[in-house]
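One line per chain: the protein sequences are A, B and C, in this order. Quick note: the first sequence uses the working numbering, first residue 4, plus one each step. Quick note: the second sequence uses the working numbering, first residue 2, plus one each step. Quick note: the third sequence uses the working numbering, first residue 395, plus one each step.
Derived by calculation from the structure, the hints in this document are not laboratory data. Do not rely on the hints blindly, as some may be mistaken.
[What the hints assert, rightly or not] Straight-line C-alpha distance at most 25 Å; calculated BS3-like pairs for lysine-lysine:
{"hint": "1", "chain 1": "C", "residue 1": "Lys-684", "chain 2": "A", "residue 2": "Lys-18"}
{"hint": "2", "chain 1": "B", "residue 1": "Lys-136", "chain 2": "C", "residue 2": "Lys-596"}
{"hint": "3", "chain 1": "C", "residue 1": "Lys-679", "chain 2": "B", "residue 2": "Lys-113"}
{"hint": "4", "chain 1": "A", "residue 1": "Lys-18", "chain 2": "B", "residue 2": "Lys-113"}
{"hint": "5", "chain 1": "C", "residue 1": "Lys-679", "chain 2": "B", "residue 2": "Lys-96"}
{"hint": "6", "chain 1": "B", "residue 1": "Lys-119", "chain 2": "C", "residue 2": "Lys-679"}
{"hint": "7", "chain 1": "A", "residue 1": "Lys-24", "chain 2": "C", "residue 2": "Lys-684"}
{"hint": "8", "chain 1": "B", "residue 1": "Lys-113", "chain 2": "C", "residue 2": "Lys-684"}
{"hint": "9", "chain 1": "A", "residue 1": "Lys-18", "chain 2": "B", "residue 2": "Lys-136"}
{"hint": "10", "chain 1": "A", "residue 1": "Lys-87", "chain 2": "A", "residue 2": "Lys-66"}
{"hint": "11", "chain 1": "B", "residue 1": "Lys-138", "chain 2": "C", "residue 2": "Lys-684"}
{"hint": "12", "chain 1": "A", "residue 1": "Lys-18", "chain 2": "A", "residue 2": "Lys-87"}
{"hint": "13", "chain 1": "A", "residue 1": "Lys-24", "chain 2": "C", "residue 2": "Lys-596"}
{"hint": "14", "chain 1": "A", "residue 1": "Lys-24", "chain 2": "B", "residue 2": "Lys-96"}
{"hint": "15", "chain 1": "C", "residue 1": "Lys-488", "chain 2": "B", "residue 2": "Lys-119"}
{"hint": "16", "chain 1": "A", "residue 1": "Lys-307", "chain 2": "C", "residue 2": "Lys-488"}
{"hint": "17", "chain 1": "C", "residue 1": "Lys-679", "chain 2": "B", "residue 2": "Lys-136"}
{"hint": "18", "chain 1": "A", "residue 1": "Lys-307", "chain 2": "C", "residue 2": "Lys-494"}
{"hint": "19", "chain 1": "A", "residue 1": "Lys-18", "chain 2": "B", "residue 2": "Lys-138"}
{"hint": "20", "chain 1": "A", "residue 1": "Lys-297", "chain 2": "C", "residue 2": "Lys-596"}
[As the list claims (entries may be wrong)] From chain C, some residues computed to sit far from chain A (all C-beta separations above 10 Å):
{"hint": "21", "residue": "Leu-412"}
{"hint": "22", "residue": "Ala-430"}
{"hint": "23", "residue": "Lys-494"}
{"hint": "24", "residue": "Glu-536"}
{"hint": "25", "residue": "Pro-574"}
{"hint": "26", "residue": "Asn-627"}
{"hint": "27", "residue": "Asp-632"}
{"hint": "28", "residue": "Leu-692"}
Positions of the beta carbon are idealized from the N, C-alpha and C atoms, including for glycine.
Here's the letter readout for the chains.
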Amino acid sequence: MIELSAKGSNGLLAKRYASEKRFRAYGAIALALTTIFLGFLLYDIISKGWPAFFESHSSLEMKIDPDKVAAGDIANGDFAAIIKQSVREQFPDIESRADKKTLASFISQAAGDELRNMVLANPELIGQTVKVDLLLSADADLYYKGLIETDDKLLLDKFSAKLPVTQSISWRFWTNGDSREPELAGLLGAIKGSLFTVGIAIFIGLPLGVFAAIYLEQFARRNRWTDLIEVNINNLAAVPSIIFGLLGLAMFLNFFGLPRSAPLVGGLVLALLVLPTIIIASRAALRAVPPSIKEAALGVGASKQQAVFHHVLPLALPGILTGTILALARAFGETAPLLMIGMVAFIADVPQSPTDAATVLPVQIYLWSDLPELAFKSKTAAAIIVLIGILMLANALAIYMRRKFERRW
Amino acid sequence: MNQMSTARATESNTQMVGERTTRISARKVNIYYGEKHAIKDLSIEIPDRSVSAFIGPSGCGKSTFLRAINRMNDTIEGCRLTGEVRLDDKNIYDKDVDVVQLRSHVGMVFQKPNPFPKSIFENVAYGPRIHGLAKNKTDLEEMVVASLKKAGLFEEVKDRLDAPGTGLSGGQQQRLCIARAIAVNPEVILMDEPCSALDPIATARIEELIDELRQNYCIVIVTHSMQQAARVSQLTAFFHLGTLVETGDTNSMFTNPRDKRTQDYITGRFG
Amino acid sequence: MILWSILIILAAAVGAFLFAKSQATTLQTANTGRLASLPGQHGLLAAAVAMLAGLAGVLVSIPFSTSFAWMMPVLGAAAATIAAFFTISRITPKWHARNKFEAIVMGVLIASSIVAILTTVGIFASVVFESVAFFRQVNIFEFLFTTQWSPTGTPPAFGFIPLLTGTLLITFIAIAVATPLGLFAAIFLAEYASPTLRRWMKPVLEMLAGIPTVVLGFFAALTVAPLIKHSGNAIGLDVASESALAAGLVMGMMIVPLISSLSDDIINAVPQSLRDGSYAMGATKSETIKRVVLPAALPGIMSAVMLAISRAIGETMIVVMAAGLAANLTFNPLAAVSTITVQIATLLVGDQEFDSAKTLSAFALGIVLFFITLALNYIAMRIVQRYRQAYD
Numbered sequence: 004m005i006e007l008s009a010k011g012s013n014g015l016l017a018k019r020y021a022s023e024k025r026f027r028a029y030g031a032i033a034l035a036l037t038t039i040f041l042g043f044l045l046y047d048i049i050s051k052g053w054p055a056f057f058e059s060h061s062s063l064e065m066k067i068d069p070d071k072v073a074a075g076d077i078a079n080g081d082f083a084a085i086i087k088q089s090v091r092e093q094f095p096d097i098e099s100r101a102d103k104k105t106l107a108s109f110i111s112q113a114a115g116d117e118l119r120n121m122v123l124a125n126p127e128l129i130g131q132t133v134k135v136d137l138l139l140s141a142d143a144d145l146y147y148k149g150l151i152e153t154d155d156k157l158l159l160d161k162f163s164a165k166l167p168v169t170q171s172i173s174w175r176f177w178t179n180g181d182s183r184e185p186e187l188a189g190l191l192g193a194i195k196g197s198l199f200t201v202g203i204a205i206f207i208g209l210p211l212g213v214f215a216a217i218y219l220e221q222f223a224r225r226n227r228w229t230d231l232i233e234v235n236i237n238n239l240a241a242v243p244s245i246i247f248g249l250l251g252l253a254m255f256l257n258f259f260g261l262p263r264s265a266p267l268v269g270g271l272v273l274a275l276l277v278l279p280t281i282i283i284a285s286r287a288a289l290r291a292v293p294p295s296i297k298e299a300a301l302g303v304g305a306s307k308q309q310a311v312f313h314h315v316l317p318l319a320l321p322g323i324l325t326g327t328i329l330a331l332a333r334a335f336g337e338t339a340p341l342l343m344i345g346m347v348a349f350i351a352d353v354p355q356s357p358t359d360a361a362t363v364l365p366v367q368i369y370l371w372s373d374l375p376e377l378a379f380k381s382k383t384a385a386a387i388i389v390l391i392g393i394l395m396l397a398n399a400l401a402i403y404m405r406r407k408f409e410r411r412w
Numbered sequence: 002m003n004q005m006s007t008a009r010a011t012e013s014n015t016q017m018v019g020e021r022t023t024r025i026s027a028r029k030v031n032i033y034y035g036e037k038h039a040i041k042d043l044s045i046e047i048p049d050r051s052v053s054a055f056i057g058p059s060g061c062g063k064s065t066f067l068r069a070i071n072r073m074n075d076t077i078e079g080c081r082l083t084g085e086v087r088l089d090d091k092n093i094y095d096k097d098v099d100v101v102q103l104r105s106h107v108g109m110v111f112q113k114p115n116p117f118p119k120s121i122f123e124n125v126a127y128g129p130r131i132h133g134l135a136k137n138k139t140d141l142e143e144m145v146v147a148s149l150k151k152a153g154l155f156e157e158v159k160d161r162l163d164a165p166g167t168g169l170s171g172g173q174q175q176r177l178c179i180a181r182a183i184a185v186n187p188e189v190i191l192m193d194e195p196c197s198a199l200d201p202i203a204t205a206r207i208e209e210l211i212d213e214l215r216q217n218y219c220i221v222i223v224t225h226s227m228q229q230a231a232r233v234s235q236l237t238a239f240f241h242l243g244t245l246v247e248t249g250d251t252n253s254m255f256t257n258p259r260d261k262r263t264q265d266y267i268t269g270r271f272g
Numbered sequence: 395m396i397l398w399s400i401l402i403i404l405a406a407a408v409g410a411f412l413f414a415k416s417q418a419t420t421l422q423t424a425n426t427g428r429l430a431s432l433p434g435q436h437g438l439l440a441a442a443v444a445m446l447a448g449l450a451g452v453l454v455s456i457p458f459s460t461s462f463a464w465m466m467p468v469l470g471a472a473a474a475t476i477a478a479f480f481t482i483s484r485i486t487p488k489w490h491a492r493n494k495f496e497a498i499v500m501g502v503l504i505a506s507s508i509v510a511i512l513t514t515v516g517i518f519a520s521v522v523f524e525s526v527a528f529f530r531q532v533n534i535f536e537f538l539f540t541t542q543w544s545p546t547g548t549p550p551a552f553g554f555i556p557l558l559t560g561t562l563l564i565t566f567i568a569i570a571v572a573t574p575l576g577l578f579a580a581i582f583l584a585e586y587a588s589p590t591l592r593r594w595m596k597p598v599l600e601m602l603a604g605i606p607t608v609v610l611g612f613f614a615a616l617t618v619a620p621l622i623k624h625s626g627n628a629i630g631l632d633v634a635s636e637s638a639l640a641a642g643l644v645m646g647m648m649i650v651p652l653i654s655s656l657s658d659d660i661i662n663a664v665p666q667s668l669r670d671g672s673y674a675m676g677a678t679k680s681e682t683i684k685r686v687v688l689p690a691a692l693p694g695i696m697s698a699v700m701l702a703i704s705r706a707i708g709e710t711m712i713v714v715m716a717a718g719l720a721a722n723l724t725f726n727p728l729a730a731v732s733t734i735t736v737q738i739a740t741l742l743v744g745d746q747e748f749d750s751a752k753t754l755s756a757f758a759l760g761i762v763l764f765f766i767t768l769a770l771n772y773i774a775m776r777i778v779q780r781y782r783q784a785y786d
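Could you build the full structure based on these sequences and the hints that come with them?
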């Protein structure tokens with residue numbers, strides 16, 4: 004009788020199954036570690052960055068002192084002094100100079116600017132008592148969010164006991180450009196810079212990539228020249244991105260004299276950077292269209308170009324666009340080459356055109372991460388959340404398109 | 002190896018098919034691939050030390066059933082089997098049956114020769130190594146040589162045992178695969194259209210080999226060619242649309258089929 | 395101005411198309427016979443010619459763009475209009491507009507495919523040009539074989555050996571992390587995981603692959619490095635706050651998806667018949683993988699690892715943020731080291747003086763980086779090609 008059960012065999016089989024289990028466990032552990040790493044990364048960033056989407060306010064009724072604001076010259080009125088004065092009046096027991104200074108530092112300078120705008124819009128307020136919204140400075144904000152311990156704890160507690168502090172969504176984070184003051188620094192400049200840069204990259208990279216792919220896949224005869232182009236494209240796809248930065252610096256800035264720090268140059272560099280990816284994806288999409296479709300068109304007397312542009316290209320388009328979206332997602336997160344061409348400067352103004360000096364979202368993250376203020380660490384993480392959110396949207400769009408247009412021949 | 006002789010010793014109390022003992026018997030086997038009902042209510046007895054051929058048009062389920070005999074279908078997702086397939090008296094679909102053990106007793110040779118990308122020696126040594134059959138190196142070498150001899154390949158490759166197995170000709174590759182299967186001392190060898198990728202000369206060589214091997218093994222062969230079935234087999238089973246239409250002695254089946262469908266098939270009306 | 399120029403040229407092209415088409419249609423009705431090309435094709439030709447001419451006009455105006463910004467749209471529009479009228483004036487029944495148009499299209503296609511070559515040439519030219527300037531100031535042997543790197547020191551020293559060892563140290567750590575994790579993850583997904591698990595895990599790996607490196611750098615510098623430092627200090631080890639280990643670990647995790655997706659392709663390319671052959675001999679799954687699948691896939695896996703090495707060597711942001719600036723010649727993973735990419739980035743961020751060896755040295759490092767990665771990629775691709783041929 005043949006023995007077929009595992010029990011009846013010698014010890015070897017047990018050993019073999021133990022090794023099987025171990026091997027399987029290694030695989031599971033590898034996957035688990037990778038997932039845990041990603042989970043930890045996301046958790047770390049979200050927990051660090053989430054508070055930065057909110058800001059702390061207080062408010063106080065105060066009289067717009069006509070001594071400090073001349074009705075004819077509101078713009079130069081000393082609104083900061085009005086606020087400082089009114090806040091101090093709330094705390095008559097604070098007497099030492101240092102404490103008074105600290106107290107004033109709890110209020111952001113934006114509070115004065117906002118009050119100025121309020122009065123500019125309505126000059127009749129001069130001399131009246133109005134309720135003024137007080138944006139708190141970053142350090143006070145961090146304390147009230149429970150993120151830091153500080154020596155000014157007593158004063159801060161006193162402040163919030165008298166003037167209730169509330170948290171609200173920080174719209175400034177979305178509508179401001181960069182700033183040296185953490186509570187005022189926003190992402191609009193970086194986001195617009197990113198849009199300009201990636202917009203230019205797509206405007207140049209997409210047609211070039213698709214045309215090159217069409218030529219290589221549909222028209223080029225295989226010879227040394229096309230082999231060279233092919234090897235070259237594959238190599239280019241794996242060239243480190245920082246090298247493209249060197250290209251941008253030496254060619255576009257030094258040789259052609261294009262403006263530094265401009266999304267125009269950034270877009271050009273990123274276009275070249277994603278070009279190989281777009282070509283490779285487009286070629287794959289074109290190759291997936293069965294040759295019978297082209298042959299059918301040729302069979303009814305279409306020229307080769309008509310067959311390709313009327314029949315093959317439309318069928319390959321969804322695949323091409325999916326590949327392009329993924330390539331652009333990569334460009335959107337690219338940092339290193341843009342450092343080389345000067346998109347790394349502190350730029351407070353929101354760029355209005357592709358030739359204005361600007362920075363992009365990933366570079367903004369790099370810049371903020373380098374700053375010593377604790378509040379900027381949180382801002383950095385928040386900017387990362389925005390960046391990853393945008394990338395996830397792009398990826399989701401690509402996956403949706405792949406699902407929707409996926410076609411098996 | 003000892004198991005083999007004890008297995009042979011118990012043959013006297015198993016059933017007989019003609020003058021041969023039954024090695025494999027299937028009862029009411031149904032196989033499903035997902036929704037598809039691939040084998041319907043199949044029962045068959047396959048004798049030891051002879052060649053049984055499964056014939057039938059493509060898609061009739063003959064390969065599916067063959068793969069059920071060493072549970073190769075387990076590797077396919079969504080494949081289910083009901084009924085029982087007995088090797089000697091043991092249902093190989095019982096819970097306590099270990100597929101690894103089973104397959105060391107029921108070897109298989111595939112349609113396309115599939116030598117591993119290793120040397121000729123390592124190809125044959127693979128089975129003995131994983132099953133720990135050889136005590137030492139010399140033992141292993143003897144086994145490899147013996148298997149290559151049995152597969153009729155030794156003379157052709159003895160000078161280049163270290164050469165890659167994929168460098169051999171198609172027919173040689175297939176014999177290498179047979180040697181590889183023999184090396185673990187199976188009782189049964191399943192062959193899934195072993196000659197379909199070979200030229201006529203290589204085919205003749207394999208058929209000779211099959212005829213020699215039946216002295217020691219229970220061989221089941223799936224074939225597309227009725228001539229081949231007639232040449233090598235003693236028992237033939239005709240499959241059609243997932244059912245076993247007819248089994249019987251090869252000679253009588255080809256000269257005097259009982260079923261109309263068998264007759265149509267062997268006279269070339271369909272297939 | 396650029397945007398305006400583009401819009402004007404596009405408008406000119408559309409106008410040329412409509413005008414040429416109507417001209418050709420009139421001609422067709424007047425002649426009653428057939429034209430050699432359809433009216434629409436005449437339109438396309440006129441539009442294409444207008445666009446090319448407009449583009450040429452814009453390109454010509456670029457040198458003046460700083461002082462006379464208005465020249466760009468004006469020149470573009472003028473060139474486009476003149477070219478369009480010239481083309482339209484040549485419309486006759488026998489004029490083969492389609493062939494001409496297709497010739498232009500073909501030219502554009504070929505030109506596009508040449509851009510990739512030009513990019514390589516451009517990269518090569520930029521790094522070589524500035525490197526030559528650098529090696530005029532610094533002896534090439536000093537650069538290649540000495541062990542002091544301090545471009546801002548007095549006197550500056552340009553021995554790139556410590557940068558090379560630093561790069562290799564971090565790369566080694568990254569690969570040592572990524573290869574087993576990526577390979578085992580790929581094996582598990584390809585051979586063991588249920589379809590459901592695969593459906594969930596693939597996006598996880600893709601997401602990890604899609605995380606920008608600046609994010610990973612932030613994570614490495616602010617979370618992983620302090621974690622390693624504290625745990626090292628807890629067991630009495632002296633750990634630098636910008637340890638090579640932190641940068642290497644995070645870089646390794648960045649590369650895991652690359653190795654796993656390449657390995658996944660390679661493992662799936664191993665024919666099922668080989669697996670069947672092994673299973674049919676009574677091999678277990680892991681025996682089949684270890685003894686049949688992996689040996690068969692080895693060349694492909696090797697090339698995946700080489701691509702990963704090339705990626706690690708060229709990675710910039712993680713090391714810029716998490717590795718050090720001081721080029722220490724050490725192989726201690728707990729010490730701080732600097733890398734080639736870190737130096738390129740820091741030398742070129744901020745003030746650049748293209749006459750000083752300090753700035754130019756970045757390009758010399760660039761040329762080294764370019765050739766190392768080029769060689770790795772090329773070898774990896776050759777291996778893959780041969781491997782593909784073996785299973786086709």
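Among all the numbered hints in the text so far, which are the ones the structure does not match?
2, 4, 12, 15, 20 and 25
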